[in-house]
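Chemist: Please construct the entire structure, taking both the sequences and the accompanying hints into account.
There are 2 protein chains.
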Amino acid sequence: MSTIVQKFGGTSVGSTERINRMADRVIQEKNKGHDVVVVVSAMGKTTDTLVKLVSEITTKPSKREMDMLLSTGEQVTISLLAMALQQRGVEAISFTGWQAGIQTDSVLGNAHIQEIDTKRIRNEMDHGKVVVVAGFQGVTEDGDISTLGRGGSDITAAALASTLKADRCDIYTDVDGVYTSDPRFVPKASKINSLSYEDMLNLAVMGAGVLHPRAVKHAKKFGIPLYIKSSFENVGGTLIHGKVKQIESSPVIGVTFEKDINRVEMFECEDVEGSREAIMRELATRHIQADVYTQSCRNILSLLIKEQDLQEILFVLRKEKDRWKYSRIEQRSSLSKVSVIGQNMKSQPEIKIGMCKMLLENAVRVKLIGESSISVTAVIEKSHIQKAVESLHTGFGLDYEDILKATV
Amino acid sequence: MSTIVQKFGGTSVGSTERINRMADRVIQEKNKGHDVVVVVSAMGKTTDTLVKLVSEITTKPSKREMDMLLSTGEQVTISLLAMALQQRGVEAISFTGWQAGIQTDSVLGNAHIQEIDTKRIRNEMDHGKVVVVAGFQGVTEDGDISTLGRGGSDITAAALASTLKADRCDIYTDVDGVYTSDPRFVPKASKINSLSYEDMLNLAVMGAGVLHPRAVKHAKKFGIPLYIKSSFENVGGTLIHGKVKQIESSPVIGVTFEKDINRVEMFECEDVEGSREAIMRELATRHIQADVYTQSCRNILSLLIKEQDLQEILFVLRKEKDRWKYSRIEQRSSLSKVSVIGQNMKSQPEIKIGMCKMLLENAVRVKLIGESSISVTAVIEKSHIQKAVESLHTGFGLDYEDILKATV
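Residue numbers (our numbering), protein chains in the order written: chain A, 30 to 437; chain B, 30 to 437.
These are computed hints drawn from the structure, not numbers from a lab. All figures in this text were calculated on a predicted structure; none of them were measured in a lab. Check the hints yourself; a few may be wrong.
What the hints assert, rightly or not - Some chain B residues close to chain A (C-beta under 7 angstroms, calculated; not the full set):
#1 78
#2 82
#3 90
#4 105
#5 111
#6 112
#7 169
#8 172
We put the CB at the ideal spot given by N, CA and C, even for glycine.
Modeler: Structural data, given as structure tokens:
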């Protein structure tokens, strides 16, 4: 028997009316003869409501208590969805993260799944039940409730699909697939119908918000196809799998960006390369993603980090000042980051050159440019982000008119 | 070191402002040098909000999913109270029912605590932390979340106090103590300052809503003093303990009532006494409380049950029709029950006679009268309940002017 994992995000389950509609979607899959496991997020505005309560209580909530609080959001949704299925005559049972056997590490607020003991889930599946699992949450070895951070429910769905060796993992979301850039920001962005794990991972790592890199990694591990589609419209989405051929003619598959980036610079650093290593390790322990650049000749170490991680990073850097021996820290906000994504970027210097040229022609000043095997990234003023993204999107032939022309 | 268990009910934690105030109360106790364990209910209107969501999804929610849903209420409160304590510089940690080791039986929606493994709680107490525990909930042997039914948080508090061998269990509630009758209904009701476990148990069993009988039983087991007091006013409450002398002059300690009682009668029952036994066992399994009377001469078996249990009882009776061999069931609602409470009631026939006389004088028709060792109970029309309760309260000398006179 085939197994499908379905994931419904916050807007898909934003009201009881929508939960009822999602129940119908689950039943459609079930009626095709599949075993169905459903992963859900908290209802639309639940998290905001809870966070508002916290703001009335404390300025510095502990991560443990935040996870305790926020994990109630999915617990509400799983019980309501299970009831909606039962009301329609379908046997269903809900599981919280700990009941579903989702074991995480102890990085509360941003935990990683270590393993999933699917005994209880399999047992209920064997009894023909639809199993509804709370996304975004798990339990640590000490028995504390943990949450998985941004994109957490997608990660739960992909990890479960992988552990259960599911035939497919359907991610229902408020966009109808993966685009060459964020369609809310770039009107000419084109939907990508089919994508390899690697390309998706590259897009996700570089900021394409539709899917968390860890979700892609989990699916890739056992080759589970991920299907991203709209919760609301019945149109084709994006299938991410392992059998996609690379189209030779398009080295760039997308343009990603992050509007709010902070730069932190450590000056007169005694051992730039050594400090870089140590900082990377420290960030990994804390599950913080950052770009770390060194300018060895000037003994400067630069970090590009997200707004939400800024305070924690500054805390770490200050705490370890004696160890990393630098004279001062400077911090700069109101920056943005734009990246063009592809494979083997380092062996194609023309991409970097082209990028610089396109930005220059559009009067975008580049403050820093760096490359990795999967991307070339420019740091710019935040006020220039719109024209930067659009000009690169057009310049690398990703606008939908061009894609249309190329495929006709 | 002494241990105090404090319990805060729904109205005491009805808003973040109140949670902040309760945090101050916890700290007051902590500062006296006690170890403090706090048990909390869901915030005021949370349960109503959740129940409304359910009504938009299903007409017949399964008990398992209801418990899954409702248990989120206390989980929100524990995390917020722990944050409020931490914000005030007090180390605190919150535990859900399952984290606190509260093991229940499998009667979902109305579960009984079987045992509490206090290892985690004790460990945190040993580290000087205030431990905040979710009331009203536990976990079954199968790992399902269970709730304890009406009065559940009091039961959690008393059971925890008992298991921890606490020095006192303080129940903060929206009334300021135990009264001779419900003061919201009987303006002349008097507050009782000190009460034995037995008397409190009798009041509670017979419907005094301020404390659940199971809470009293847990406290009685290890002789833990229970102190009922107001969350809002700083006035003396009611202390329930094992060292109260009975006042010889007052055989009746209170008047209790239940406004909405349903009577279900089984007619032409072949074996009235045998059926009574079997039904009592069945109700006990389901944790349903009911008065069961037999009229052997007429082969009628009568049950007095609460509105909320009616559907389940009817279901059971119909399912077991073949076993209990009766011809038909009749059901009657809009009835009320009024009881006078004391000890050794059966050996004081003057109480029953007095009760009948007082009701008669106030034109209250008695439809059924029954007695037990702790009470004499009359079933009456619901429309007569106010005058029935008030006349008995006055008649048995419980009005506060009389109590005042007697003690001067």
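Chemist: Flag every earlier hint the structure violates by its number, smallest first.
Modeler: 1, 7
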